[in-house]
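Residue numbers (numbering that gives the first Met the number 0), protein chains in the order written: chain A, 0 to 222; chain B, 0 to 251.
No lab work stands behind these hints: they were computed from the structure.
You may find that some hints are simply not true.
To be verified - Below, a list of computed lysine to any residue pairs in the SDA-like style, where the Cα atoms sit at most 25 Å apart:
1) Lys174(B) x Pro123(A)
2) Lys85(B) x Ala39(A)
3) Lys174(B) x Leu195(A)
4) Lys87(B) x Ile106(B)
5) Lys85(B) x Phe210(A)
6) Lys174(B) x Trp196(A)
7) Lys174(B) x Phe207(A)
8) Lys217(A) x Lys174(B)
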Amino acid sequence: MSRVFFLLILREARLLARRPAELANPLVFFAIVIALFPLAVGPETQMLRTLSPGLIWVAALLAVLLSLENLFRSDFEDGSLEQWVVSPHPLTVLVLAKVFAHWLFSGLALVLLSPVLAIMLGLPADRVPILLASLLLGTPILSLLGAVGAALTVGLKRGGILLALLILPLYIPVLILGSGVLQAALQGLPTLGYLLWMASLMMLTITFTPFAIAAGLKISVGE
Amino acid sequence: MKWTWFHRLGSPKWFYELSGRWLPWFAVATVLLIATGLVWGLAIAPPDYQQGNSFRIIYIHVPASFLAQSIYISLAIAGVVGLVWKMKIADVALQQSAPIGAWMAFISLLTGAIWGKPTWGAYWVWDARLTAMLILLFLYFGVIALGQAISNRDSAAKACAVLSIVGVVNIPIIKYSVDWWNTLHQPATFSVIEKPAMPVEMWVPLLIMVLGFYCFFTTVLLMRMRLEILRREAKTSWVKAEVTRLVGKKHE
């Protein structure tokens, strides 16, 4: 079982290495969205600092959403998904590996890029570890929940906007907690409670969403 | 053995006949309850000592909010029934009640906004309850959009079932986090929401309206489901016979 898990992750790594644009595009999108906000609301440092938690989280949310649209697309088109469904290994484990790989290469990259953008928005450097922690806990939730939507819409011609419609409402708790951590950190309040909440939400999604993703894929493949 | 009624519900024809017998009762109950509740609530109940007559909108607002929330739960229940027992009726119920739920959420938001202007001085505030209802409306839109986007009827039903189950699991988390977010940013500006304990003359008509709205939902849902069943089963002989009977009646 664990061998299959690692083989799948290795496969995803190889595939992504051959199409680096897929990895880079959401990151560039993330950076551009962040850059748009100072242009729109004005360059005052104080205001940007107060807004920065929300800006970073909204941009991260949209970037993850963008990267999810193609999560299962190529596997669906070349028939790999059908092989997964009929394979003797449980589909839940396979999708967990798939989403984990996706997070490892897109979510983690986003987490690593975020300090640069946060500092550009005026977030104090000593708050950066908290930003990293909140994104590290939050982005897996975004990937897993988004994968449910991606699994349900993979068979559709224009799934993109529909995916956003399905998934964005479900992202709200993560957005609230994620930006809440940073707000609290900016005001010098304790942040451990938020982080623990995010960690428990993450465990909850890791436990339950693979079943929903697997069910969604079965529906999409069966169509 | 006692479960035969439940499995029989899986048969569209049986459900069609049964719902035909239920429908008049629910329709009559709806008219009676809503008429009583409206007259009582709008004309007879005393005005609020603080809000005057503007409080009367709760006789629409509260039942609509109740329904909006319970319809989403019923979506998930229908989804579970549809996925576990593969019942066609559950799929029909799910797809047909989603638009009603979305309307109820919309009515709740609209009446809330109308009430909010004279009472709070603003049509919209980012209060936890308002925001949660708005998110619920978006969740309904998601289910409706997914159902319409998938052309294969069985796949659409299953996909909507999965989505509404995921949504229902999320609703408490969303609700909790929104409550938290609100108390974090704006501490209890709107304690107006927590109304003083209502006098009997006010809450009895409200109760009647709530019951009336539930009956209204059942009536509309049964009508929509019956129509959808006729549409889906159009090729079977009993539907052809039924349609000829209905159309024939009109011509006489």
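In rising order, the numbers of the hints this structure does not comply with: Failing hints, ascending: 1, 2, 4 and 8.
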